[in-house]
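Here the protein sequences come in this chain order: A and B. Residue numbers in the first sequence follow my numbering, run continuously in steps of one, and reach 422 at the last position. Residue numbers in the second sequence follow my numbering, run continuously in steps of one, and reach 382 at the last position.
Just so you know, the hints here were simulated from the structure itself, not pulled from any lab data. Among the hints, a few may not be true.
Claimed, not checked - With a straight-line Cα cutoff of 20 Å, these simulated DMTMM-like cross-link-like pairs (lysine to aspartate or glutamate) come out:
(1) B:Lys160 x A:Glu284
(2) B:Lys115 x A:Glu152
(3) A:Lys225 x A:Asp419
(4) A:Lys23 x B:Asp324
(5) A:Lys366 x A:Asp355
(6) A:Lys40 x A:Glu284
(7) B:Lys160 x A:Glu36
As the list claims (entries may be wrong) - Where chain A lies over chain B, by a calculated footprint (3+ residues, C-beta under 8 Å):
(8) 191-204
(9) 222-235
The C-beta atom is built at its ideal place from N, Cα and C for all residues, glycine as well.
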Amino acid sequence: MKHSLYAGAATFALMAGAAYADKVTVFGPWLGPDQENVEKVLDGFAAATGHEYAYVGSDSFEQQIRIDAEAGSAPSVAVFPQPGLAADMAGSGFLTPLADGTADWIRDNYAAGQSWVDLGTYPGADGQDHLYGFFYKVDVKSLVWYVPENFEDAGYEVPTTMEELKALSDQIVADGETPWCIGLGSGGATGWPATDWVEDMMLRTQSPEDYDAWVANEMKFNDPKVVAAIEEFGAFARNDDYVAGGAGAVATTDFRDSPKGMFSSPPQCYFHRQASFIPAFFPEGTIVGEDVDFFYFPAYESKDLGSPVLGAGTLWAITNDSPGAHALIEYLQTPEAHETWMALTGFLTPHTGVDTSVFSDPTLKKMNDILLGATTFRFDGSDLMPGGVGAGTFWTGMVDYAGGAPAREVADEIQSSWDALD
Amino acid sequence: MSDIAGTKPALRWIVHASVLFLVVLWVVPTLGLLISSFRTSDQIATSGWWRSLFPSEQNLTLRSAAPETQVQENGIYVIEGNLFDDGTQATISKWGVSSRAVDAFEPGQTAELRKGGTIVVDAAGNYRMENPEEFTGSRGARVFVSAELPPEFTLANYHKVLLAEDSTDSMGRAFFNTLTVTIPATIIPILVAAFAAYALAWMDFPGRALLIAVVVGLLVVPLQLALIPLLKFHLNIGIGKGYLGVWMAHTGFGMPLAIYLLRNYMAGLPRDLIENARVDGATEFQIFTKLILPLSFPALASFAIFQFLWTWNDLLVAKVFLIDASGQTTVMTNRIVELLGTRGGNWEILATAAFVSIAVPLAVFFAMQKYLVRGLLAGSVK
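This is chain B alone, in the form it adopts within the complex (with noise of 0.2 Å):
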């Protein structure tokens, strides 16, 4: 690479430097994502991602225990204990018993609470409260706290999405739902692409490039526009909502490019190949399975990595052509969006299910990528 003729030092510093921003570019808000799967809602609403990985300086409101539990010694009252009720190692600099007057206090002192009575809190959080009289109430003082925290994560958002009683049932079925979905709606276009694509790329008929054209044209078509007149013909014809209609949707939406992707890559294969094959008296159909096929595969795995990341990320078709108000035919992302709650402010599962749900698509991703780049490059470098 050092050595390529005309390569400049300083271009390269600049190609490497723009490498970098954008792999960083792309990385940051994944990175964001994941940590904050890890998080509480709470965090997530009270300070950034970024913060969450130090030891951070943070204003805690915190309750003494209940005057249920007071003890009386030597004719005073007495309640004790530890702030940090489940076992936070934190360091107090600075507290109060007032929301007026959060850091009114060092620790070690004493300060007089509202309802009577007197508090001290140290440095740990060990607190011990005294009054000439018993406690009232229902519930113990609150004490505000700055106090340092050490980094803090959680593994109940997954738990929730993924082994929570009533999430694990409809998750699992998802799953199994989405699959369904997926591996057909990827399959069948391929199927019917192929030999689309073959027969505009090799074979001779009035119209071809009319066809061809009219497919690139269907390309730009919004798939939006086609949503409801194919799902009032699904019903007329009787397919109704199912996967049947959500297959077929999917192909007919897909087709375009898989049409265009795999007649583009086969107009490439050489020429003579073919023709050497129709002189030895192969018939189309051999021509087509016997070099064809094999010779596209790259091709063809590209489109199948495309297809199917794009069905199993898809929540706008499956809402039209599948989800119906049974419940039985749930997709991923939909019970995704169901996990938001009904105001949609759960970020945090957001931000778990996004991870659980990009698990299939990665390895699918890692399993076939050396395809998907070739299958990219092969049309278009000769």
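Here chain A stands alone, though its shape is the one from the complex (with noise of 0.2 Å):
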């Protein structure tokens, strides 16, 4: 009796353990320092919860996850970076909703937390709207960098309205110099940064709703506000006395290499419009908050849409249910998930519940306060659009325009396209 009794418990344990020692699988965008940087939260959760991880991550996502799905050899946790996709897999019935609950925590902790979950919320394979991402890392994407220390050279300020910034880049021509750096050149990807422009002055002359619509297609792509936001951002890119080395270096120039103008000498260019991940790519040893530093990138005071702000960020979902992804999940709202990584670098939080002090440098703060400071956000409606529109024609239709196509023009062919998928 006594021994069976001692089996019992060894089964129970031994089960016990297996249920408790899951291997939670995490597949990801993120490679390099980004890896690094995403185990130490990982740690974190092993630590936690006595799940065991393993983190993968490859530079194409986008296609392996789905080869993966179709396969039925998903990892745990995906970590989307385009809602688009993860919605597109939601309703092939490869996501697992999350946990009931998960969003009204989202709701009561999380910045803008309606517009956070609408943004996970796809129908299934059943037609239902449920939770499928629980969105953990943002970017935000309406910054302007420049160096401190060549505006105090020329005696420049930092403007704060849009009429602002663009009157300082015209006496910046008057003075004989070149105002801004912008380079559309990402390999299979080139035309993504004109996207950001197009999408941050969509915020800036039209309501937050126009957005939605035209995120929707409910406002077609070639309606003259939308072709109106595109020629903002030809006022930019196509003149030639903005851009350093000219409007026909705009679509040939590689993003990575863009902002190294700012750092020559003399400097090719004072002001560089890109997200908040970019100074991976500035030169060697360069300190930002001293050697380069962002503001805001303005809204029009004349239009009165407060401040908008264009962000993105990663979505996790679990693609393989298993006890340990929901509790991978679970771990990331905790605040010490998000301190974990505010610590390190290059990490944005709508969390409102974290401690900013941890933040390892002032301008992650500054960064995050823009965010948690903003009357509106709006995702990067190019990741929500269509892969076709968003990461397809929507690109390449920038490309042409940077090239001299018209706007008009540009915007029917990408408005047909969109078209064309349904």
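These two chains come separately, so use the hints to put the complex back together.
Right under this line is the structure:
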């Protein structure tokens, strides 16, 4: 009797152990230094819950997660850089809805919580809406980078409105210099930096409702409002006086190389509009906050649209249901999970319950303040559009536009490609 | 060579010139990659590799020592030092203190600093800052110089790829994983294809011609077509993602070429030899092992080189059939892609990793290259 009791206890312990020490595989887009950072967060998860984890990164995440899901060898948790792709996969039944109550938690704890819930909610294979994606790690895109010491040498002030920004650009031209460095090159994804410009301009010239209608294609791509936003971008990128190397160089300059013009001697440009990740491509040894700084890409004072912020983020979804996967999503809701990465580099969070004093440098805190202080937060529209447009004709259309095609014609083409998808 | 009848000197020169041209065309990019692997990413971004071989005039932004190092001499505050703090030997031709006038001064002239005080810079980069009041701020003054710099190369990229703390383990593991993939994926198809090639070349059976036609047809089928169905099949029969799966995939994808190459070679062997052996009472298996295999060695070796190079450099098949979410089964090519970083900007690492990665295929190629040429030509020239 005693013997069998022991055996029973041992079996129980084994089963409990098996359920407890779940191996959670995480597949994401991060490599190199980013991979080390995410592994530190996952170390914390392992220590807190006792689950084991394995992280694998890939530069071709979008393709590989499809192959793995189609073939049935998906990881436990996948980290999607684009909600559009996650929505597609949820529709095909590859994602598992998150635990009940997650949506309430996001509403209560994230700044602009409902919008994060909406961004992670898609119709599943059964046609019902479920929350599939949990946003963790976001990027702010509405940033303009500059070298403060060059501003001091020239006596320029940081502009706070779009009118001032344009006036300062004109003044730099009048001083015989070039204000902007813009590069759209990015291998197979050439053109994406321009989509961010157009989205930012859309938010600065039209209401957030118009932006949402545009992203959902309820407002056509060739609507005069969208064409006007494209032309706002053109006012910068297609102006030979405004862009280092001339407007012809915009489409061919690699986006990773384009900010380097700010640091050359003498400087080739004074501004560079790019998301919060770009310091990784600044020359070695550049210190953000001293050698280089940023300001919020300002809104028009005359338009009264508040201070809209464009952002992007990664969304974590369960691709292979297991208790460990749910435990990981739960762990990501703890302040600790956010603070671990905050103390490293390149991490912003809409979580309002975190201790912002743990940010590794004051610039990150400044970025996070832009995020938390936004009157309107909108997600990168091209990531929300269907892949064929948002990661296809929108990109190539912007390259054509930068190369001299009329905005109207480009917008017509993008709209017809969108129509062809349905 | 010079006495071959009908060869005109002019024609020979054209032949030589075009050979030279082709060699240069092939070597130049490789050379560029090799030189780039010894440069930093900033150097790669700012100037071409062909300019790195000679001393060049460059505009640099340097910085004096921070105000905390200032000393007081006779009532004035002084900061002294050399702008090239890493001991670089350079000759400054022009310099400036404002980004708006980077070449305003000659070496030895005195410039006013924007925040107060003066600075003197000599041609070797030695500077002296003076100020009646204390220097303030956390950082030194920026000094823009135009200087003639000697060529500069670094081993840091190789250090990062091969010896850096976290990369040694994963690179070493990736190396052995790649060997684990490559060696069986080279041997298995040769074994199978040699039997098949013999049968198709020398054994009479109905439908042989049709079978050969099918094999030739399969040569042009792109393997991408089969990736997902094959992976699903592997998962259904329980192999999953792993070495067995990737060996089978490579074997399957390499088989048409292997059979085609070996059959053509074996078909070219003398008929008398094989018929004599049959008359002497040898079995088909004995003919195959005692006669055909030794005689086919050049063809086997040349296919082995092909298959080895292709599996060594493969990324696609490994990603689909081998690399899973556990992270334990990465291969060299995948490891190199990972080194490129999330947004793929580290060209210097790519160049270095490429040279590390081609070391083994180069060794294999040079060890067996005489068979490569013989194997390729033997089937075609009678």
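(request) Could you work out which earlier hints the structure fails to respect and list their numbers in ascending sequence? (result) Those not satisfied are hints 6 and 8.
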